[in-house]
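Protein chains in written order, with our numbering: chain A, 2 to 211; chain B, 23 to 270.
Hints are computed from structural coordinates only; laboratory data are not their basis. Worth double-checking, as some hints may not be accurate.
Calculated pairs, DMTMM-like style, for lysine to aspartate or glutamate (alpha carbon to alpha carbon, straight line, at most 25 Å) [said to hold, decoys possible]: (1) A:K109 x B:D173; (2) A:K100 x A:E196; (3) B:K85 x A:E48.
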Amino acid sequence: MEYRYQRVLLSAGLWLAAAGALAQEPVEVIDPQVDRREIVTPAIDTENFEVGLFVGGLSIQDFSSEWVYGLRGAWHVSEDFFFEASVGTAQADLTSYEKLSGGPPLFKDSERDFTFYDLTVGWNFLPGEIYFSEKRAFKSDLYLVGGVGGTDFLGDTWFTAVAGIGYRLLFNDWIALRLDVRDHIFDRDALGEEELTNNVEWTAGVTFFF
Amino acid sequence: MLRCGLCAAALGLAYLPAAARADDDPAVTSRVVEAYIEMRTQPGRTYPVFYVAERGETIELLKRRTDWIKVRNARGIEGWVHVDEIGRTVDAAGQPLAFAAPDREDFSRRRFEAGFMLGNFDSSDAITAYTGWHFTRNLSIEGAYTENYGDFSDGRMGSLNLVHEMFPHWRYSPFFTVGVGIRETNPRSSLVQTEDRVDNVANVGAGVTIYLTGRLMLRLQYKHHVIMTDRDDDEEAGEWNIGISAFY
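Extracted from the complex, chain A is given alone in its bound form (with noise of 0.2 Å):
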């Protein structure tokens, strides 16, 4: 009885193999002439990338307004968004108390060196266009930023928050004037207990895309 099965089941096996063996001789019916080509991507300029300087003022909580300089750079990911690094630099006068006391300053001057230096995600939330003239219009964008970065300052680095708001005029297509309002927010202990700090900049600049 198992003999005859494993008959039956090995010449099936047989069948199914030899089925198989034709079934891979090549029967070529057409020859195929079909000339493949590649598919690239034309290779044309692509400009989402944004670099520039700005220039402004800085009013540091605790201290005076300031002038604050620096460099912008941007990729633009989607009409809608991009991410900008910022680094930027003003220098601290004195404190009301120590011009009042008249005592030794309470910092050195390298301390007062206030460096900030961010990494942001900006929204276009909304996108428009300027008319000056009948033929000239000028794409304008409204953005608001977001993001973290650290700020040195009186001897320390400090965790920074930062929000904004900005705006974007672009005279052809690569070049823009930029106007920007930032908050850098973050807790300082400098001056004995920790405190919350705002210290509010706004710059004018002009960018570059390429």
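Based on these hints, arrange chain B on the given structure of chain A.
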């Protein structure tokens, strides 16, 4: 090459007028084969359509910004067309142009990515910026820079990491990572003077990259760091991060 040149131009080292830039390469042209394509005044979906190029018209592709391509037709009219529409035009040989807006397929085949993360390093606030290059669909190499701000010390850390994505075609793509780096610890200036320290660091971690839309991704990760100090015991630190990044 062109980008490097323009980078230098943008930095004010050398200035090239717009016309000189276009002369470097022969013009890329394409032909409209669908009923029409719409040209807008500016690169954005909210801007008005002011001209419609008809079937059979030849257009010259000038430049791309995000998902928009600036084109010029035979009569010299210039406008912006969405990449998906350009992707349905054909070149001189009748082949469709390989242009499309970035989607999930591009996410799973991404070559380059960069982003930044916010997190917690050993119970202190931390920020990380990173960039990665994918040399296969599963493997990538990443450079990361982290700063953390604690009550007693600040730290800076640079690391080089190998990242393995098991399922790069998933929208929620998990990964494992191992890396090495250098960490500098600076005690707070309000403390009694102690020396800055520089130590070697090794880390192991896992996380998930989530495709959002367009080129954007959300990234969540946990890393466990071993800081090899000069003292008797090595320090260990955990780091949680959430961040946003974009790919190219």
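When you check the alpha-carbon spacing of A:K100 and A:E196, does it fall within 25 Å? holds, 21 Å
Going straight from one Cα to the other, do B:K85 and A:E48 come out at no more than 25 Å? Holds, because 7 Å separates the two Cα atoms, which is no more than 25 Å.
Given the hint that A:K109 pairs with B:D173, does the C-alpha gap stay at or below 25 Å? Satisfied, since the Cα-Cα distance of roughly 22 Å is no more than 25 Å.
When the structure is compared with the earlier hints, no violation turns up for any of them.
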